[in-house]
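Chemist: Here is what each chain is made of, one letter per residue.
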Amino acid sequence: GAVVSQHPSRVICKSGTSVKIECRSLDFQATTMFWYRQFPKKSLMLMATSNEGSKATYEQGVEKDKFLINHASLTLSTLTVTSAHPEDSSFYICSAGGGREGTGELFFGEGSRLTVL
Amino acid sequence: GDSVTQMEGPVTLSEEAFLTINCTYTATGYPSLFWYVQYPGEGLQLLLKATKADDKGSNKGFEATYRKETTSFHLEKGSVQVSDSAVYFCALISGGYNKLIFGAGTRLAVHP
Chain G
9 GAVVSQHPSR VICKSGTSVK IECRSLDFQA TTMFWYRQFP KKSLMLMATS NEGSKATYEQ
69 GVEKDKFLIN HASLTLSTLT VTSAHPEDSS FYICSAGGGR EGTGELFFGE GSRLTVL
Chain X
882 GDSVTQMEGP VTLSEEAFLT INCTYTATGY PSLFWYVQYP GEGLQLLLKA TKADDKGSNK
942 GFEATYRKET TSFHLEKGSV QVSDSAVYFC ALISGGYNKL IFGAGTRLAV HP
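If you read the protein sequences in the order shown, they are chains G and X.
In this text, residue positions in the first sequence follow this note's numbering: the first is 9, and each later residue adds one.
In this text, residue positions in the second sequence follow this note's numbering: the first is 882, and each later residue adds one.
Just chain X, same shape as in the assembly:
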């Protein structure tokens, strides 16, 4: 079945460092891809999405490009802030319904 694999955390960075969180997927058909973020004590929030190959999703300085050839959707940010500390989940929808399949989540800790 469909699945999402993302790098294990935690990822610990200093403020203003470059961030990459890897995400690859397995799916039949052509899935839509998402990154969700869960800040401490809060529910998940949609961070960005891409619905077709070569699309780039972006929000709050984060970017991810839908790479069909490598079945990847890596999350990047050029300069992280302490406020970016959270758990990041890569996810997909396949089949046209809003049923999300999540990766294991990657915890990011940013230090001043």
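Okay, chain G solo, but in the shape it has when bound:
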């Protein structure tokens, strides 16, 4: 079964509103989670590294005020898309590591498809 769960799996919102996506590790504690954005027919783009109890580390070009990340506990990280616009429509995926650092043993959520009207 899934060890990383995302919610909601699909969300439609109006332009200008904010949307929160949750990522939970179900069977393990994750001090670090990763948020990716997947464009149609393109690769997953790493947006940020979510660190439990501290600020997220954002990749170059990702607006931290636009994509707010909170990692308040060892099993939950949230991504909030603030003042969403149609260009924010995308597939957002989180992952969390269950293995040792550097092993790539990451578990991925099922993804959340955001559509901004």
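Source of the hints: derived by calculation from the structure; they are not laboratory data.
Predicted model, so just to flag it, every value in this text is computed and none were measured.
Possibly wrong hints are sitting among the right ones.
Just the calculated beta-carbon pair ranges, DEER-fashion [to be verified]: (1) 934/X with 25/G: 45 to 51 Å; (2) 909/X with 60/G: 25 to 31 Å; (3) 80/G with 907/X: 35 to 41 Å; (4) 69/G with 891/X: 25 to 31 Å; (5) 962/X with 90/G: 42 to 48 Å; (6) 125/G with 934/X: 45 to 51 Å; (7) 921/X with 93/G: 26 to 32 Å; (8) 70/G with 939/X: 31 to 37 Å.
Even glycine gets a Cβ: it sits at the ideal position worked out from N, Cα and C.
Given chain G, work out where chain X should sit, using these hints.
Modeler: Same frame as chain G, but now just chain X:
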């Protein structure tokens, strides 16, 4: 910066055909290399990995060999099945942390 380039899809094959999906990388240092698979409606799953030069990763009949001299990690399978239809992502980690850099993904469609 580090990057991964993989062949564009879609790749369409008949059942039992031979599969190759090319992947090359650019990285400083000595990255670990991975293939992830995304089946329809599911999250990504680790398919196989190799952590040093000449290592061969294998799983479910798929294989990939870490070629440092050609900076490649091509995915192969001798006889594909319809159930192998999915999107395959080549990826790397460089620097010892679990931050993955993905290629663009290659969609594979296998027909009976």
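Chemist: Should the hint that residue 962/X and residue 90/G are 42 to 48 Å apart at their CB atoms be regarded as holding?
Modeler: Because 44 Å falls inside the window, the suggested range holds.
Chemist: Check the following: the C-beta atoms of residue 80/G and residue 907/X are separated by a distance inside 35 to 41 Å.
Modeler: Holds, since residue 80/G and residue 907/X (Cβ atoms, about 36 Å apart) stay within the stated range.
Chemist: In this structure, is the beta-carbon distance linking residue 909/X and residue 60/G contained in 25 to 31 Å?
Modeler: 28 Å, holds
Chemist: Should the hint that residue 125/G and residue 934/X are 45 to 51 Å apart at their CB atoms be regarded as holding?
Modeler: 50 Å, holds
Chemist: Between the beta carbons of residue 69/G and residue 891/X, is the distance compatible with 25 to 31 Å?
Modeler: This hint holds: roughly 28 Å between Cβ atoms.
Chemist: Please test the hint of 45 to 51 Å on the beta carbon pair from residue 934/X and residue 25/G.
Modeler: With a Cβ separation near 50 Å, residue 934/X and residue 25/G satisfy 45 to 51 Å, so the hint holds.
Chemist: Evaluate the given range 26 to 32 Å for the C-beta pair formed by residue 921/X and residue 93/G.
Modeler: Holds: the Cβ-Cβ distance is about 29 Å, inside 26 to 32 Å.
Chemist: Check the following: the C-beta atoms of residue 70/G and residue 939/X are separated by a distance inside 31 to 37 Å.
Modeler: 35 Å, holds
Of the numbered hints stated above, none is contradicted by the structure.
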